[in-house]
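Order-wise, the sequence lines are chains U and L. Using my numbering, read the first sequence as starting at 1 and increasing by one per residue. Using my numbering, read the second sequence as starting at 1 and increasing by one per residue.
Just so you know, the hints here were simulated from the structure itself, not pulled from any lab data. Check before you lean on any hint, since a few could be wrong.
Claimed, not checked - Covered stretches of chain L (in silico footprint by chain U; criterion: 3 or more residues with CB under 8 Å from a CB of chain U, positions within the stretch not fixed):
{"#": "1", "segment": "178-186"}
{"#": "2", "segment": "229-241"}
{"#": "3", "segment": "248-258"}
To be verified - Away from chain U, derived, C-beta distances all over 12 Å, residues of chain L:
{"#": "4", "residue": "E8"}
{"#": "5", "residue": "T17"}
{"#": "6", "residue": "Y49"}
{"#": "7", "residue": "F169"}
{"#": "8", "residue": "I210"}
Where a beta carbon is used, it is the ideal one built from N, C-alpha and C, also for glycine.
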Amino acid sequence: MTALSLPIVFFWVSTLLAVVAVILLFLLKPPVLQALVSSNVVWKQVIRVSQALNDRWRWWLSLLLATLIILLLLFAIYRPDLSEGEGRNKVILVIDNSPTMAARMSNGISRLDMAKNLAQDFLSELPGDRSVLIVDTQRSVAIPEFTNIALAKTILDGIEIGTSLDPVVPSKVSREAAEHRFVFTDGVLLGAPPDSYETVSVFEPISNVGITHVDFALVPGNPGERQAFVELKNAGFETQVVELDLNSEAGESLKRKIEIKAGEKIGQILNISSFSSGAVRVSATSGQDGFRFDDKAFDYLSSKKEIKVLLVSQNSADDKLLELLELMPRVDVQVINAVAYSSTVADELQPDLLIFNRVVPESRPNRPTVIFGVKSAKWLPVQVTDAMSTQVEVVKNSAHPLMRNVSLRDLIVEGGVVFGGVTDAIAPFLSSKSEGALAVTLGGVNPIILFGFDAETSNIELLADFPILLANLLTWMGDEPAVIRASPGIIAIPGDAVRVNGMDGKEYSTWTVADQTYFNAIEAGLYTITTEDGPLRVAVSQVAEKFSDVNQSRISRVVAADLTAPNLSGGFSLAVILCLLAFSLLVLDWTLFHRRVTQ
Amino acid sequence: MSSLLSKEFLRRLDGLTLLLRRPVSGHLRGQHRSKRTGVGMIFSDYRPYSPGDDVRNLDWATYMRLDRLVLRLFEEEADTPIYIFIDSSNSMLQADGGKFLVAKKLAAMLSYIGLLNHDRVSLAAFSDGVVRELPGRRGKNQMWRTLHFLEALKPSGVTNYADTFKRYFGGGRTRGLVVFISDFLQQESLELSFKPIRQYGHEVFASHVISPSEVSPELGGEVVLVDSETNESMNVHLTETLLRQYRTAFVDHCSSIENFFRRSGWGYLRINTDDNFEEAALIGLKKERLTL
Numbered sequence: 001m002t003a004l005s006l007p008i009v010f011f012w013v014s015t016l017l018a019v020v021a022v023i024l025l026f027l028l029k030p031p032v033l034q035a036l037v038s039s040n041v042v043w044k045q046v047i048r049v050s051q052a053l054n055d056r057w058r059w060w061l062s063l064l065l066a067t068l069i070i071l072l073l074l075f076a077i078y079r080p081d082l083s084e085g086e087g088r089n090k091v092i093l094v095i096d097n098s099p100t101m102a103a104r105m106s107n108g109i110s111r112l113d114m115a116k117n118l119a120q121d122f123l124s125e126l127p128g129d130r131s132v133l134i135v136d137t138q139r140s141v142a143i144p145e146f147t148n149i150a151l152a153k154t155i156l157d158g159i160e161i162g163t164s165l166d167p168v169v170p171s172k173v174s175r176e177a178a179e180h181r182f183v184f185t186d187g188v189l190l191g192a193p194p195d196s197y198e199t200v201s202v203f204e205p206i207s208n209v210g211i212t213h214v215d216f217a218l219v220p221g222n223p224g225e226r227q228a229f230v231e232l233k234n235a236g237f238e239t240q241v242v243e244l245d246l247n248s249e250a251g252e253s254l255k256r257k258i259e260i261k262a263g264e265k266i267g268q269i270l271n272i273s274s275f276s277s278g279a280v281r282v283s284a285t286s287g288q289d290g291f292r293f294d295d296k297a298f299d300y301l302s303s304k305k306e307i308k309v310l311l312v313s314q315n316s317a318d319d320k321l322l323e324l325l326e327l328m329p330r331v332d333v334q335v336i337n338a339v340a341y342s343s344t345v346a347d348e349l350q351p352d353l354l355i356f357n358r359v360v361p362e363s364r365p366n367r368p369t370v371i372f373g374v375k376s377a378k379w380l381p382v383q384v385t386d387a388m389s390t391q392v393e394v395v396k397n398s399a400h401p402l403m404r405n406v407s408l409r410d411l412i413v414e415g416g417v418v419f420g421g422v423t424d425a426i427a428p429f430l431s432s433k434s435e436g437a438l439a440v441t442l443g444g445v446n447p448i449i450l451f452g453f454d455a456e457t458s459n460i461e462l463l464a465d466f467p468i469l470l471a472n473l474l475t476w477m478g479d480e481p482a483v484i485r486a487s488p489g490i491i492a493i494p495g496d497a498v499r500v501n502g503m504d505g506k507e508y509s510t511w512t513v514a515d516q517t518y519f520n521a522i523e524a525g526l527y528t529i530t531t532e533d534g535p536l537r538v539a540v541s542q543v544a545e546k547f548s549d550v551n552q553s554r555i556s557r558v559v560a561a562d563l564t565a566p567n568l569s570g571g572f573s574l575a576v577i578l579c580l581l582a583f584s585l586l587v588l589d590w591t592l593f594h595r596r597v598t599q
Numbered sequence: 001m002s003s004l005l006s007k008e009f010l011r012r013l014d015g016l017t018l019l020l021r022r023p024v025s026g027h028l029r030g031q032h033r034s035k036r037t038g039v040g041m042i043f044s045d046y047r048p049y050s051p052g053d054d055v056r057n058l059d060w061a062t063y064m065r066l067d068r069l070v071l072r073l074f075e076e077e078a079d080t081p082i083y084i085f086i087d088s089s090n091s092m093l094q095a096d097g098g099k100f101l102v103a104k105k106l107a108a109m110l111s112y113i114g115l116l117n118h119d120r121v122s123l124a125a126f127s128d129g130v131v132r133e134l135p136g137r138r139g140k141n142q143m144w145r146t147l148h149f150l151e152a153l154k155p156s157g158v159t160n161y162a163d164t165f166k167r168y169f170g171g172g173r174t175r176g177l178v179v180f181i182s183d184f185l186q187q188e189s190l191e192l193s194f195k196p197i198r199q200y201g202h203e204v205f206a207s208h209v210i211s212p213s214e215v216s217p218e219l220g221g222e223v224v225l226v227d228s229e230t231n232e233s234m235n236v237h238l239t240e241t242l243l244r245q246y247r248t249a250f251v252d253h254c255s256s257i258e259n260f261f262r263r264s265g266w267g268y269l270r271i272n273t274d275d276n277f278e279e280a281a282l283i284g285l286k287k288e289r290l291t292l
């Protein structure tokens with residue numbers, strides 16, 4: 001009951017007016033017109049018949065009107081809240097702060113700012129007794145709870161653009177009972193909100209050309225050459241001329257002008273062999289662009305150093321593997337006999353990589369190692385099981401970095417061993433459906449690659465893409481660790497990181513949970529992670545097609561700039577409406593019954 | 001001659017005779033068929049001659065053929081009492097007194113015809129009983145007295161047929177023609193009211209006087225209807241629907257009165273004050289076979 005919340009002046013004035021109106025209405029009875037008739041005999045018959053029915057429904061109608069008037073006045077004065085008890089006077093506002101909400105609208109402000117302005121206006125119009133829960137789709141509001149309007153406005157002001165490409169309306173909030181629920185969104189990444197929410201759209205189509213993919217790689221078959229692949233998309237509605245610009249940390253630059261039609265997505269391959277190793281910034285500049293977040297991307301070029309390989313083979317004379325290694329431009333290969341090999345020799349030669357061909361060392365080498373034709377050994381971290389005697393069907397794991405640009409379609413394996421006891425730390429990249437893993441990689445400080453077969457039990461050395469597999473193998477084992485590409489936000493790094501530095505040297509705080517180190521990459525850039533095994537590079541860029549597609553809204557309604565906040569009928573205006581309705585009914589009742597002098 | 005009947009109209013009445021449906025039982029000579037046979041112009045029957053019979057009525061032609069004396073009998077013509085009742089209740093004063101004037105004119109007209117035919121004409125003005133009475137008189141020379149009586153009548157009181165008839169006929173009156181002129185806006189049942197008349201065997205002719213304001217009242221909206229006789233008031237919101245229902249009810253009311261008299265074998269004539277009285281009365285009475 002909120003009778004006391006009514007302005008006292010309004011209450012007394014309306015009561016006084018009602019009393020005066022009632023008195024005036026009853027005083028306004030028209031003068032009686034008397035008609036002398038011969039006799040009322042016939043009239044009585046007529047009235048008796050017609051009034052028998054009329055009197056009844058008129059009595060019920062009068063009763064109904066009187067009841068309605070009383071009820072309306074009671075509602076107007078006390079305004080009982082008929083909504084569900086638990087959610088009474090509660091309002092939930094969900095602000096979509098996904099990255100596409102940073103797009104700037106025609107009025108110069110971002111979609112998020114527009115949403116916040118609308119929400120602020122809405123909060124200002126709310127009656128003071130309402131509780132409001134503000135929550136965002138990026139979970140930046142850690143513990144959403146119902147607050148008063150003033151605090152809600154403060155929370156609303158603090159909401160910033162998030163980084164996740166998968167925004168959600170928190171399910172916990174959806175379960176909260178409330179009188180009204182609104183989602184302020186552009187409908188791009190969030191999509192259509194749940195049915196229980198009313199949508200306030202801040203979507204407006206804009207022009208945007210963005211980078212949707214960046215990759216640096218060696219040229220297959222020519223590891224000395226490197227190229228960059230950049231994918232661009234024009235998500236706007238007009239053809240755009242885009243200047244693509246690649247800048248290395250050392251100052252090398254590469255520019256290219258491209259014309260992209262509306263809705264078109266194109267890929268560009270650029271030769272960056274001349275670029276020094278280090279961070280590379282890719283940017284795309286166009287004349288009209290309402291969304292700048294996808295206009296730049298970062299990556300890292302690893303160093304092109306020579307790799308020292310020590311090949312340990314039983315018979316080096318007819319070793320096909322040796323021939324291939326000698327042909328590779330970055331490889332300096334040395335060959336020793338299996339008998340001559342010992343850990344001491346390996347320490348003296350300081351190879352970057354050890355390759356054992358049909359030889360298994362007695363102890364685990366203390367540097368990166370590849371073993372072809374593995375046989376059982378105590379130090380091996382995997383179980384070497386039964387040797388195969390028949391030809392098996394080989395299945396490759398295309399996602400493994402070693403299998404990049406490698407098909408091995410005609411690989412035939414007719415013998416060797418299979419590996420058992422495969423754990424999460426052991427990644428098989430070749431396997432047999434019936435037998436098990438045929439080739440696996442073991443990560444760690446000194447990674448190991450194990451092949452269960454060799455040139456005698458398979459035709460792997462004869463395949464055309466074996467050199468590419470070998471190049472991938474050398475890159476993976478001998479080069480710097482592969483660059484980790486990620487989107488802004490919380491990034492997980494395997495193992496314990498010592499520290500995380502940004503491009504400007506700023507150190508970022510980290511936390512470790514279950515052998516994973518996390519840090520918050522707020523913005524795009526190249527981050528260097530220092531670990532016990534050496535440095536790791538994390539290139540953080542906001543590149544994704546669904547991120548650049550800022551016009552792919554699932555909300556059909558386009559909101560004008562002068563959108564007003566959704567209106568809730570306040571208690572005071574409702575009271576006025578109810579009073580007016582009661583007064584109208586009073587006049588109707590008076591007109592129908594009391595004004596009449598007749599029965 | 002009078003404000004009630006013009007000379008021209010009286011001349012038109014001179015040739016009229018009142019027709020009664022049954023033979024009368026008057027003792028004085030008149031112009032109506034009597035129950036008795038005797039001197040008259042209309043042959044009635046034969047009977048054998050008895051000594052003492054008037055030999056002027058012997059049928060000599062039959063005697064010549066049959067050689068028997070046969071006496072011819074003739075219907076005797078006698079007078080009849082005519083009782084004219086005029087409703088002089090307050091309701092007759094409505095329509096600017098038009099109804100009462102029509103009633104008086106009709107009474108004067110029938111009196112004149114009756115007196116002209118040597119009938120004994122009695123007049124009685126009644127409301128809740130006989131207010132004024134003019135005892136039975138015969139002869140044309142009584143017409144001035146009759147007119148004087150009628151002109152002097154003033155409406156007053158409420159209508160009560162039953163009391164009027166009981167008191168008037170309770171003393172014993174010769175059976176005759178009862179002419180009843182009224183607006184029939186009575187509360188009580190006609191059946192009960194006319195029971196004494198039916199018992200005494202009178203022949204009845206009812207004249208129902210109505211006015212246009214009763215047929216189709218020009219009223220509307222909020223009205224208090226005041227009964228002219230009882231002063232009883234009734235608050236009514238007169239809608240078009242209610243007025244339509246009234247008009248239908250009034251027609252039904254008139255029809256029920258007419259049906260009552262027709263059913264009883266009595267004559268009935270309805271006269272509207274808006275009608276031309278002389279024409280309406282002459283045509284109506286002839287149509288109802290009261291005059292010839």
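Evaluation of the provided hints:
1. Counting residues of the segment 178-186 of chain L whose beta carbon lies closer than 8 Å to any beta carbon of chain U gives 3, which meets the minimum of three for the stated coverage.
2. A stretch counts as covered by a chain when three or more of its residues have a beta carbon under 8 Å from one of that chain; for the segment 229-241 of chain L and chain U the count is 9, and the coverage holds.
3. Under a criterion of three residues with beta carbons nearer than 8 Å to beta carbons of chain U, the stated coverage of the segment 248-258 of chain L is upheld, 3 such residues being counted.
4. No Cβ of chain U approaches the Cβ of L/E8 within 12 Å, the least distance being about 31 Å, so the stated non-interface status holds.
5. Against the 12 Å criterion, L/T17 stays outside the reach of chain U, whose nearest CB is about 34 Å from its own CB.
6. L/Y49, annotated as away from the interface, keeps every beta carbon of chain U farther than 12 Å; the closest lies near 63 Å.
7. A cut-off of 12 Å between C-beta atoms confirms that L/F169 is not in contact with chain U; the least separation is 25 Å.
8. The claim that L/I210 is not at the interface with chain U is violated, since a C-beta of that chain comes within 12 Å of its own (minimum 9 Å).
Consistency note: the structure conflicts with earlier hint 8 alone.
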